[in-house]
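Visitor: What follows is the residue order along each chain.
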Amino acid sequence: MHRSLTRGSKKAGLAPGALVHIGERKVDEVKMTVMSYNEESFREEEISGLDSHLPLISEKSVTWLNIDGIHQSDAVERVGTHFGLHPLTMEDIVNSEQRAKMEEYEDYLFIVLKMICFDESGRYYLKSEQISLILKPNLVISFKETEGDIFGAVKQRIKNGKGKLRRSGSDYLAYTLIDAIVDNYFVILERIGEVLENLQTELITTPTNRTLQSIHKLKHEMLFLRRAIWPIREMTSNLTRAESPIIHGATSVFLRDVHDHVVQMIDTVETFREMLSGMLDLYLSSISNRMNEIIKVLTIISTIFMPLTFIAGVYGMNFRYMPELDRVWGYPAVLILMASIAVLMLFFFRRKKWL
Amino acid sequence: MHRSLTRGSKKAGLAPGALVHIGERKVDEVKMTVMSYNEESFREEEISGLDSHLPLISEKSVTWLNIDGIHQSDAVERVGTHFGLHPLTMEDIVNSEQRAKMEEYEDYLFIVLKMICFDESGRYYLKSEQISLILKPNLVISFKETEGDIFGAVKQRIKNGKGKLRRSGSDYLAYTLIDAIVDNYFVILERIGEVLENLQTELITTPTNRTLQSIHKLKHEMLFLRRAIWPIREMTSNLTRAESPIIHGATSVFLRDVHDHVVQMIDTVETFREMLSGMLDLYLSSISNRMNEIIKVLTIISTIFMPLTFIAGVYGMNFRYMPELDRVWGYPAVLILMASIAVLMLFFFRRKKWL
Amino acid sequence: MHRSLTRGSKKAGLAPGALVHIGERKVDEVKMTVMSYNEESFREEEISGLDSHLPLISEKSVTWLNIDGIHQSDAVERVGTHFGLHPLTMEDIVNSEQRAKMEEYEDYLFIVLKMICFDESGRYYLKSEQISLILKPNLVISFKETEGDIFGAVKQRIKNGKGKLRRSGSDYLAYTLIDAIVDNYFVILERIGEVLENLQTELITTPTNRTLQSIHKLKHEMLFLRRAIWPIREMTSNLTRAESPIIHGATSVFLRDVHDHVVQMIDTVETFREMLSGMLDLYLSSISNRMNEIIKVLTIISTIFMPLTFIAGVYGMNFRYMPELDRVWGYPAVLILMASIAVLMLFFFRRKKWL
Amino acid sequence: MHRSLTRGSKKAGLAPGALVHIGERKVDEVKMTVMSYNEESFREEEISGLDSHLPLISEKSVTWLNIDGIHQSDAVERVGTHFGLHPLTMEDIVNSEQRAKMEEYEDYLFIVLKMICFDESGRYYLKSEQISLILKPNLVISFKETEGDIFGAVKQRIKNGKGKLRRSGSDYLAYTLIDAIVDNYFVILERIGEVLENLQTELITTPTNRTLQSIHKLKHEMLFLRRAIWPIREMTSNLTRAESPIIHGATSVFLRDVHDHVVQMIDTVETFREMLSGMLDLYLSSISNRMNEIIKVLTIISTIFMPLTFIAGVYGMNFRYMPELDRVWGYPAVLILMASIAVLMLFFFRRKKWL
Amino acid sequence: MHRSLTRGSKKAGLAPGALVHIGERKVDEVKMTVMSYNEESFREEEISGLDSHLPLISEKSVTWLNIDGIHQSDAVERVGTHFGLHPLTMEDIVNSEQRAKMEEYEDYLFIVLKMICFDESGRYYLKSEQISLILKPNLVISFKETEGDIFGAVKQRIKNGKGKLRRSGSDYLAYTLIDAIVDNYFVILERIGEVLENLQTELITTPTNRTLQSIHKLKHEMLFLRRAIWPIREMTSNLTRAESPIIHGATSVFLRDVHDHVVQMIDTVETFREMLSGMLDLYLSSISNRMNEIIKVLTIISTIFMPLTFIAGVYGMNFRYMPELDRVWGYPAVLILMASIAVLMLFFFRRKKWL
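Chains as they are written, first to last, in our numbering: chain F, 1 to 355; chain W, 1 to 355; chain D, 1 to 355; chain E, 1 to 355; chain R, 1 to 355.
One chain only, chain F, in its complex shape (with noise of 0.2 Å):
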């Protein structure tokens, strides 16, 4: 079982807080990348290697740290104690087979995100990838297992200094961060339902054995986006309500509209899902249709040609007395039985409606 159904064996037996990363290695290199932020100034820096100076959190701006890469237990771990995690939100991180959720420690907020995105091996139509947020006050820490372009558009914004972005604080870019995660689910929804629309045509014109094979898959696939939502769901809804110091009021706005949105994707997933079971029975219930069509040909030819075949049977019978087979009109005679038989049956059908 691939794609996280499972969490890993391998933790079983170990102490609790003991880091081993759970999950496939997805990256060859750990990456950090620092950005701090006011609404002044803004700096960006990488982190090449573990010895190098992890950044200090300012009063004065946002400090914003993602790492790509979460298979390295021991840089996680570096970071981890650098900013005084506990051991449970470090071993979450580096088990990338967790459901998404929300976790007040004492002084932080812990939240485990699940990306979506569709597999290119062809095996299955999505993926998911895990994305862990670390949330103080001024400082955001981000864990990725990729180093995919998920936060492109919001490091642009910081970037071009202007904007609510840059005037806020680090409740507001992990409210940002969050906020990118879930429209991403949109993009994928948009295209399942294109999908969805393409395999509704074909089954109301030419539905296959592929076709039904694509509603299964599909459906299977709705199992899979279902799990990895309706945490999330759990998660802002927590987020909206958590009545810690590290998220403002003006905030609390922000998040309730993510909720929202999460909300509306499990409708459209929870749709997603009553559309495929209905076109599951419709296949059904044509194939139910199409083998009565075929039984009904079967039987319209049976019972229209043994008659006759039996009849000439009997005139093929080699008795030496059969009186018919000795005059004139016999075959005529005969050949007319025969048509007034067949059309007898082909009226039978029509009035059966079989026709």
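Keep in mind the hints are simulated off the structure, nothing from the lab. A few of these clues could be false.
Remember, identical chains collapse to one label, so a pair may be satisfied in a single copy or spanning two.
[Claimed, not checked] Each computed DSS-like pair below joins lysine-lysine, with the alpha-carbon atoms no more than 27 Å apart:
no., residue 1, residue 2
1, K217, K352
2, K136, K155
3, K217, K353
4, K26, K127
Knowing the structure of chain F, use the given hints to seat chains W, D, E and R on it.
Guide: Same frame as chain F, but now just chains W, D, E and R:
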């Protein structure tokens, strides 16, 4: 996927609060109408362009600003800024793919509703239109996607100049508008009910493949309706329990009434869904029944004629020494044998209740 | 859609509180009866026209005003105005397509109930009638759609002049009326239970297409019943928990009892629904079984006679050089071969447990 | 509908509190037994007729009055009046078609329970019996429908004279009685579990139509069991949370234990239901599989012999000029052709994996 | 029904608190081990017989008493009495058919858990073992049914003498034990996931009747797993929210983590269940598809050869006057006619898309 199954992906990556119209563009020109009224006076005015002055709110009368067309973001932005709306509110107004909801802001209530009407384009039965309401003391702003006449009767009642509407505040006006939208659902449901009734008759008398397709299509539309109505229920429930000073106690009774209607609508939609499921089951079992009938006919015919044809075949063999062939009674004896077999078979089928 | 699946669309666009009768007109004339009673005295009076005086409420006796026929809005309006009912209450009384509900107004309780009876018109099993109750201190007003005798036994008990009813207040009278309506459901459920029992026997012994239709019809009626009963449950639950001064503590115990009965009814309806689903499943699997039987017969017959007919065909060929044909033992040998094949086939089918 | 699916319609129209026995009459004579005990002493007495004195409650010992037979309303009424029971309580006791429930009255608790036992009459597996308990300080009254021995072990434990039961109050006695009834369910469930196990084996090895009927019958019985157990869960839950002074803290722990058992029972019943559904699915798919097998045999036979018979038919035609007929190699050539076609066909079926 | 679907009926009629072992006897000898440790010291001891002294609880170290084998009630009773356990606790420990639960007693917490492992006996995939924990300040008692090595890693970590475990109290030890059991589920789920993956591949490539049986068996096992896991969820949830002084705040964070894992497990089980349902649907529709294919072949063959055989039959009749028979072109003409009919039929099937 048309019909608002997915929130537009156009938004992905943009800053929240960025005003981008999402959805189909349904009218060419944005059209604004202002009505102000109190018990004594009434004034109506059309605001032609974007440059004209927006109305001032008077404390002595109720002002209703209606805007048809939301695709021009700058128009919405201008109105929004003028009346102090939150950026997220404005974003939700121009994004026509929201769920129905009610949000309390500091000095106004924001209500999103979905109106349903029949789709003339033929692909679907139904389509939806988003209607947003802003409720402030002495002010109601309504945003519609098209110029449709859903609020026509309300306008008429205001003009007529008597009745509770002219004597009451902006909260009662908002209630009247919501009530008009909800009442419209009943018209739709009634017509769907008639279609259902006809389908049911058709199903029992002359079920065809077309009947099946209609049932599936209606089932699909029910999904759509359900998706539209359920959030309205939540919205009206929140509205009834809202402790906002903008809503007076006397209006609360009316809002509770609207909520009751929405609950009744949901009841109806769920009943329709169950009826459609029942119809599908009936269709499938009647298909099975028909297949049974057809196969029965095939089996009866085969079972009668196969042995007879075999006997004819036997006496059609060309063996030199077949004593029966030379007997005078040979032919009639075989004919009698054949008739007996046929009668026996028919008797057997009658005992098995196949005939 | 008859039978209150939809709230009339006649209302759409009208002002709330506008009194428009919605539903079938079931009686010609509105008929009002007044009863006043206390432990000692009892008086009954019929109010003939709209112009006659409506009764005054006495503090020393309980007054019960019963109105049969709600299609004449002016009669309802006159009563409503006389006793100070809210416009929405009057609207709900004349609109016979409400869900059961209980609403607390300032000085009265408004209760809507659905009575179920068998439909003689034949199209459906059941039809419903709306009964509205107004409960004030010392006053109960009941509105019925027809002159039906549902309250006959209650009237008799009041006339008989003894028992708790005569000693208690208007809240106990209201309870008695609700109890009469709820008890009537049990009569209906018991008769449906008998129909179900018969269907079940029929299903096991001689299932026909008519059985299937009956199951589906009953399933449909269960939907109808369920739709009627579930809101009653909510209503009685609210009534039990209502903290209105109009309902005394002693009556609360009785209302809780009615609530228990409604819960039991829902239980029964849900059980009926599950039984019907089970019956449908059983029907479908027995159809599959029969089809299997039929196809088995067809296959056995075909499998036996096809090879035999083929052999007969072979020796019916007209080749000049077919040595077997000239042998004396040819014919009996072929007959023995045929018999062996038939026996072998039968043996094969018995081993496959088809015989 | 026997077996308490509906509350008797006999009641309809009667005053509430009117004592009318509803249900089957199960014993001839009402039988009353009184036990009084405390840690030191123990006394048992049988009360023969309706005229004899009912026991007085002593403050120093626990009195347990057991009544077998509830069809004689006057006996119940006499007991009820003697111990100050509410009219509705008495009505519920004689109406044997109640759901399990717990009701708090001013000075007593009223508990209704359903006992399940196997039905020897054969029509159903199970039947239920209603057992009502009245719990007062120092007094427990139990009403049973029959003389069955469900409380035998409890009586024995009281007689044996030691153990917690003799040292504890009436609340512990009530608990012991409830526990006896609940434990009885486990005996039933265990036996049903064995039946299920056997059915499952039968289903995999030799499924017949009788298996199907058994599955459906068991499914039906599960509905019945579920209907009986779910209200018990609610009842025990209420009992655990009841803040009545009649129940002491120490007994609460035991009631929680009973509640746990009921929850476990519900678990089991739901699991049984799902298992039965799974078995039905398995049955249906194995029927489909068998039909497939049968049709495959038919198709193979037809597909092999139809072309052969056709060829034989061709050379059975009586045309004068058919050159092949006169050739010496004609007959063997045709036989070889036929054999090749048959082999080809078999090869084709093997490739299609039909053989 | 093995595998704890029902609570043993052995108990019925016994006094609550009576210690009767319910379930299979899984080990011969009861085995007790005592470990006491604190940050500095560590001591392990085996208690051989029932007569040996039970350990005293020291306030300066954590004592862990592990008992393997619960069938010897007197051993459990002795331990229970020694440490002051409630009779119901002891009853639950020896009855191995409990649901997972957590109960707060005055001075200890009682936790029941189910461990799952693969069943080597072959009849089922899985079997469960009950593990009970008693948590007191400075003391943990664990009861297992077998000597299995589920706590081996924990013991090792204690012996190794460093880490949080040695520094923390008995609550952290209890957490560690629960975590070990929960982690074990992931191992099981992962292996089931692999089986599922293989089944899915098999289903698409070469579905057989064995595949169907495997799907049903797995579905059945999922019922079993679900029944085991759901109560654990409730238990961990209660544990997280328990306000017992025995559990310190620092441990709560870890318990919340375990709870998260259990929720994730439930997610996985539910997803497995839905996947299995989807696979069953796919199997059934692919069976329908194959049946369609088979019937199509049958129909094509019949429809082509029946008319041909009939024509051959006609010219096999022995009428004296059949002019065609004497013509030289008769035979080739008929052959051409037959070929044309065959080609026409094939053309017809191709147009119907059957070929």
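Visitor: Give me the numbers of the hints this structure contradicts, sorted from smallest to largest.
Guide: Violated: none.
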